[in-house]
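Put chains B, C, D, E and F on the given structure of chain A with help from the hints.
There are 6 protein chains.
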Amino acid sequence: MSWLPSLKTETPEAGFELALTLSRMAVKYTQPDENVRKDLREQYASNADSLTMASQVVATNFQTIAAANQYWAEAE
Amino acid sequence: MSWLPSLKTETPEAGFELALTLSRMAVKYTQPDENVRKDLREQYASNADSLTMASQVVATNFQTIAAANQYWAEAE
Amino acid sequence: MSWLPSLKTETPEAGFELALTLSRMAVKYTQPDENVRKDLREQYASNADSLTMASQVVATNFQTIAAANQYWAEAE
Amino acid sequence: MSWLPSLKTETPEAGFELALTLSRMAVKYTQPDENVRKDLREQYASNADSLTMASQVVATNFQTIAAANQYWAEAE
Amino acid sequence: MSWLPSLKTETPEAGFELALTLSRMAVKYTQPDENVRKDLREQYASNADSLTMASQVVATNFQTIAAANQYWAEAE
Amino acid sequence: MSWLPSLKTETPEAGFELALTLSRMAVKYTQPDENVRKDLREQYASNADSLTMASQVVATNFQTIAAANQYWAEAE
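Top to bottom, those sequences are chains A, B, C, D, E and F.
Residue 92 in the working numbering sits at position 73 of the first sequence; the count goes up by one each step and never skips.
Residue 81 in the working numbering sits at position 62 of the second sequence; the count goes up by one each step and never skips.
Residue 47 in the working numbering sits at position 28 of the third sequence; the count goes up by one each step and never skips.
Residue 84 in the working numbering sits at position 65 of the fourth sequence; the count goes up by one each step and never skips.
Residue 38 in the working numbering sits at position 19 of the fifth sequence; the count goes up by one each step and never skips.
Residue 75 in the working numbering sits at position 56 of the sixth sequence; the count goes up by one each step and never skips.
For the record, the hints were derived by calculation from the structure and aren't laboratory data.
It is possible that part of the hints are untrue.
If several chains are the same, the list does not tell them apart, and a pair holds so long as it fits within one copy or across any two.
Stated by the list, open to error - Listed next, the in silico SDA-like pairs over lysine to any residue satisfying Cα-Cα at most 25 angstroms (straight line): (1) K57 x W22; (2) K57 x S21; (3) K27 x D52; (4) K27 x Q62; (5) K47 x S21; (6) K47 x Q62; (7) K27 x E53; (8) K47 x E61; (9) K47 x W22; (10) K47 x Y63; (11) K57 x L23; (12) K27 x Q82; (13) K47 x M20.
If we strip away everything but chain A, and leave its shape as in the complex, we get (with noise of 0.2 angstroms):
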């Protein structure tokens, strides 16, 4: 079974936490390490500008998920 089998998310919120997967996935590739990567996120989750910097791959991925989305329109 793929991590991502597809873009389409029922609803906004599970296209952000989408987005929040495929922020986390491009760390894995680069580092495997679960405890590496455990030690780095503690550090980070402390910091403001590291915090900020992850915000905005979040943003960017959420812009691909929610155009894959078509912005959810026919969900209202």
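This is chains B, C, D, E and F only, laid out in the frame that chain A set:
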């Protein structure tokens, strides 16, 4: 109730505020501890580059929201 | 009266100035204290990288404004 | 044989991996020495902000690949 | 006379130069003092990362200009 | 002869190389001295974050080039 039921807003200004919400939610998912976030906000709110980086995230999210609302073309 | 009644502008130049306004408003929402913002502006206005980062935000917002105005195609 | 014969992929996951490839190829063009790249990878793979910056590049390339595949709309 | 009468240019190269102008104008609006800007330019023109950051702004503005010109499709 | 006669390329790989050219030309316009650029290239080519930042510019320019070529859809 979802925190993001729709990307649609009545006005451009409400869309800008939704972009701010998206930016903050990405941080919240990564750093769920409200007290830590409050401390960090005080730090970055008095640092010019930190504020600019945060504005970049808002600008990116506003692109998504504005496109989802077809730039509020019919609101005028 | 909204500070952002519309994304439409008469001219490309006015659109660029609206992009500057959007960039500043994102900062204002995060740091509402005008005196703090004034101090910060003096700092980053004399730092090359800070100015470049601010230009990046403006460029991103200008993408949104230009698309909203269909690139002012009929203005020519 | 080109390293980039097409932007099309069978699945979203394969598209994400192509985005990773594009990100690495940009580095390879600038720093062709494989040994230097290997050393650098060890450095940035254990630095949270470096990994986030790399994720930003992947997110940007994934936007391109996803658009090229029309978001794999028919794959579902 | 506006410094930005139109986003249209005759050629891709002229469009790239307009993207450079947009990037510089964003700085000029924030730092209107020409002497300060001249000093800063000397600094960042000899710093690799500063130049890369400036190139990022140009790339973003070139996206806008290229879209406004429909990628100069008919110019070929 | 223009250094950028067209955004069209025969293949995706050639498009990627044009994105690299655009990235370098932005630097060249800001720092026209070839010797200074050569020194800077040696610096950033051995710094992981500098290379990642450069890849970000390439990714942004590749978005433009890929869109201009309609993602080379008919090349397959």
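Hints, one by one, checked against the model:
Taking identical chains as interchangeable, the C-alpha atoms of K57 and W22 lie at most 25 angstroms apart only when both belong to the same chain, with a minimum of 20 angstroms there against 27 angstroms between chains. In this assembly of identical chains, K57 and S21 lie within 25 angstroms of each other by CA distance solely inside one copy; the values are 23 angstroms within and 29 angstroms between copies. In the homo-oligomer, the alpha carbons of K27 and D52 never lie at most 25 angstroms apart, since the shortest distance is 29 angstroms inside one protomer and 30 angstroms across protomers. Proximity of K27 and Q62 under a CA criterion of 25 angstroms is satisfied in neither setting, with 32 angstroms inside one chain copy and 36 angstroms between copies.
Taking identical chains as interchangeable, the C-alpha atoms of K47 and S21 lie at most 25 angstroms apart only when both belong to the same chain, with a minimum of 15 angstroms there against 27 angstroms between chains. For the homomeric pair K47 and Q62, the shortest alpha-carbon distances inside one copy (16 angstroms) and between copies (15 angstroms) are both at most 25 angstroms. In the homo-oligomer, the alpha carbons of K27 and E53 never lie at most 25 angstroms apart, since the shortest distance is 28 angstroms inside one protomer and 31 angstroms across protomers. Taking identical chains as interchangeable, the C-alpha atoms of K47 and E61 lie at most 25 angstroms apart whether they share a chain (15 angstroms) or sit on different chains (14 angstroms).
Both within a single protomer and between protomers do K47 and W22 lie at most 25 angstroms apart by alpha-carbon distance, with minima of 12 angstroms and 23 angstroms respectively. Taking CA atoms no more than 25 angstroms apart as the test, K47 paired with Y63 passes in both settings, with 15 angstroms inside one copy and 13 angstroms between copies. Taking the closest pair of Cα atoms, K57 and L23 come within 25 angstroms of each other only inside a single copy of the chain (22 angstroms); across copies the shortest separation is 28 angstroms, beyond that limit. Within a single copy, K27 and Q82 get their C-alpha atoms as close as 13 angstroms, and across copies as close as 15 angstroms, so both meet the 25 angstroms cut-off.
Taking the closest pair of Cα atoms, K47 and M20 come within 25 angstroms of each other only inside a single copy of the chain (17 angstroms); across copies the shortest separation is 29 angstroms, beyond that limit.
Hint compliance for this structure: hints 3, 4, 7 are not met, and every other hint is.
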